[in-house]
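Residues per chain, in single letters:
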Amino acid sequence: MAAHTAQRANHRKLLVLGILVLLAAAAYLLVGVNVSNEKLFWYAMRLRAPKLLVMLVTAFAIGGASIVFQSIIQNTIVTPCLLGMNSLYTLIHTAVVFVAGSGSILAVNANLSFAVDLVLMGVAAMVIYGYLFHKTRHNVLYVLLIGTVLTSFFGSIQNTLTRVMDPNEYDALLSTLVASFSNVNAEILLLAVMLLAGIVVVFRKDLALLNVITLGRNQAINLGVDYDRCIRRLLLAVTLSIAVATAMVGPVSFMGLIIANLSRQLLRTYRHSQLILGAALFGMFTLVGGQMVVEHLFHYAVPVSVFITVGGGIYFLYLLLTNRRV
Amino acid sequence: MAPWLSRHRSTLVLAVLLVVLSIYSLFVGVIDLDTSAILAGDFEAIELLLISRLPRLLAIVCTGVGMSVAGLIMQQLCMNKFVSPTTGATISSAQLGILLALVFWPSATLWQRTILAFVFAILGTWVFVWFIQRIQFKDVVMVPLVGIMFGNVVGGITSFLAFRFDMTQSLSSWLVGHFSMVLRGRYEIVWLTLPLVVLAFVFANHFNIVGMGRDFSKNLGVPYNLVLFLGLTIAAMITASVVVVVGAISYIGLIVPNLVSMFKGDKIRGTLVDTALFGALFVLVCDLIGRLVIHPYELPIELIIGIIGSVLFVGLLLYRLNHGRKAIRLGAAGASSCAVSAQSAVQKKEGE
Amino acid sequence: MKIRQLLKQYDGKTVVDGVSFEIPKGKVLSLIGPNGAGKSTVMGMISRLVARDAGLVEFEGKDIKDWKSHQLSQRLAILTQSNHIQMKLTVRELVAFGRFPYTRGRNTPEDEQIIQQAIDYMELGPFQDRFIDELSGGQRQRAYIAMVIAQDTDYVLLDEPTNNLDIYHATNMMKIARRLCDELGKTVIMVLHEINYAAFYSDYICAFKDGKVAKFGTVEEVMTKETLSEIYRVDFEIQMVEGKPLSIYY
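In order, the protein sequence lines correspond to chains A, B and C.
When the first sequence is numbered by this note's numbering, its final residue is 327 and no position is left out of the sequence of numbers.
When the second sequence is numbered by this note's numbering, its final residue is 356 and no position is left out of the sequence of numbers.
When the third sequence is numbered by this note's numbering, its final residue is 275 and no position is left out of the sequence of numbers.
If we strip away everything but chain A, and leave its shape as in the complex, we get (with noise of 0.2 Å):
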């Protein structure tokens, strides 16, 4: 049967993605290191796999994330980093070190300071979304709207602070904030590893009820989803999943928006079980792949979230300009 073969085949294409994956991720671990010297190989593998494996967490959240948030706006070419989500949590973690000073173990400890940063975006995601959703009587796109101009808001209020800040402690909040690719906030590996773990099991029930809810509200409270409490847990899950993603290495805007739609395109299922999968596989494979261009052909002279920006951006007109109907 037509839709079994296509199962099959998108079975094989999500397994050669993993195995061009593990490739890459073997290429970054070994290109230009010398393996006869078994004290430099160590040292290293030492430098490069916490980095990897950072790399291959975030694509697994900021895919997870995109496409669960595409689905529940049931919009394609949105990304919940346009929620303002990204410069929200920056926000927060610049906000916890000038109230408690950088001295303080908030600020010092990295687990710490990231749990306690989880929990206020959390917070604040809930309310401020919440409050939106339920003002604009779930019109996505204001909401989205109102995201972007959340974004800079964020973003100057974030600004205003580092320049009111004691520069002592601007210094020591930039070395925690700048994250990037480069410099990954690999501290906090085992935390967010965990944080992952947990956001799927909790909201295990709500993740298989995706295909459902792709529907369309009508549909799916016809076939008995109740659908407000669902969506409401699912944005908190994206929202836990971003705010993971950026503290490890920073904001990536558009990633979500590239990783989630080659996804969708390849796989051209409904099953999100396939796409999630698909995008974290992507996502994997264009940061180790984008990470090794940088670091071996520009020398780190031009951070890999530009790349991305900028490819992300052309493909996000291209997708326009063959829609035509957005």
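Be a bit skeptical, because a hint or two may be false.
[To be verified] In silico lysine-lysine, BS3-like type, Cα no more than 25 Å apart, as pairs:
{"id": "1", "chain 1": "A", "residue 1": "Lys136", "chain 2": "C", "residue 2": "Lys90"}
{"id": "2", "chain 1": "A", "residue 1": "Lys14", "chain 2": "C", "residue 2": "Lys113"}
{"id": "3", "chain 1": "A", "residue 1": "Lys136", "chain 2": "B", "residue 2": "Lys271"}
{"id": "4", "chain 1": "C", "residue 1": "Lys234", "chain 2": "C", "residue 2": "Lys269"}
Quick caveat, the hints were computed from the structure, so don't treat them as lab data.
Place chains B and C on chain A using the hints.
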């Protein structure tokens, strides 16, 4: 006399407020300046006034007038209340132009840099409008979203070049707009906004008609493409001359025209003066806040506008949602943004 | 199923005002009325898609609100007019969603059989592996009906099922609605714009005007010159065709 007064009351109030605040702003700064010293002919005081305070005030007024009028023109031409220099890739294109000048033409004078900023701002705006005309939007809100994405792409290219050529430091002063570097001899380009605004006023009716759509303007004998590109070019040039001097100032072009049209309607001739005055007032107030909050230091105006402007804009959006179409009057919702059919234009006329 | 004193207000404007009627089991009931009469809102409140401000929708002796949503979805299905999905979903996959209330997505071979029957019943066999967004309006509508059939509920609510369909597909749609009642024994409730479809294919009609029930009764009781003229404010002629009272207006 009485009807004239009531019709122009808002304009008068805005003008008086602007004059009062302008005079006040001259006396706000790190060094105390008092009137008696100036009147007594204190050379230092007068010099401070002429070199720093007055240029700053003039730059503020030109910025406010220019950016809000640029926003108004773009909104009229595209028949979409959410288009502005920020949400239409104009600002980011101008920044790209400046960076290219810095990278490839290091010896360029300020004027040469300005010309490159002009060229890129105009091109960027044209491309954006061409782009959104080719797409059918289900909802008008998609247009600014696309514009913001578009701006991100241009901004991404800019930061790529900046990283590549080690220019991030010098780029940052054009990313966050501020007036603290405005001194005599370094800001006069911003005066260019004034003749451009006058030009916009002359062609105001044309812009109105073109905003009604291609068929509508053809019917009235107005060359659609010519006026569209003329209007966009004026808006882009105004924006670029502001960006070159003070850097990116977002939101004014978005919020000011919307706030004014809530009270005054959409006839461009009727709102242009008020929009310009209100824009200048808005920027001046924001600048004063930035200067006073952490006195004797100051915050860049872009941050103040980013905070106040975004709150205002969100308020405006929610108000519109909950009070129907009165708050932000949109062209035919769902129609392609810059090509509204004549039919909806007629409906709009009937609605007036 | 009993509806009692339903009330709905939007921005202080009352759109549904004290609507009460009873839905006869095993029959086809059509809700008709001019634009803005509140018929679609009533349908929304019956099907729990729209929250009500006051009143009661009693289903099998229990208020709709007190039903567990997934249990209700095994008894009552609603098909609304706007169904544009962006997903790449084949017809068969869409119909399979009809079993979701029973299986939460894990379909057994028995479910597959029910799905196949629904597809065959709607003569969608040749299209079953096509993507929904590649179908014509009429085919898509039939796919959604097939999903509702697979959902296997006693009650089927259709909100303007003929909307956006040409005469051929619209008439087919009405025949299908009739068959759902006659062959499968379902209670069908529809919102219709076209009065003559309501007259020809239903057993009962509920006519709305200004948020109130203007007339509820059998087709013969409602399809009279006087009632229709009062509701629609134009002149009507009634003519019997195949034993059904059809209206003429111009």
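request  = Please work out if A/Lys14 and C/Lys113 have their alpha carbons no farther apart than 25 Å.
outcome  = At roughly 17 Å apart (the allowed maximum being 25 Å), C/Lys113 and A/Lys14 satisfy the hint.
query = Quick one, are C/Lys234 and C/Lys269 close enough, alpha carbons at most 25 Å?
reply = Satisfied, since the Cα-Cα distance of roughly 23 Å is no more than 25 Å.
inquiry  = For A/Lys136 and C/Lys90, compute the direct alpha-carbon distance and say whether it is at most 25 Å.
reply    = holds, 24 Å
request  = For the pair supplied as a hint, A/Lys136 and B/Lys271, confirm whether the alpha-carbon distance does not exceed 25 Å.
outcome  = Violated, at roughly 31 Å.
Hint compliance for this structure: hint 3 is the single one not met.
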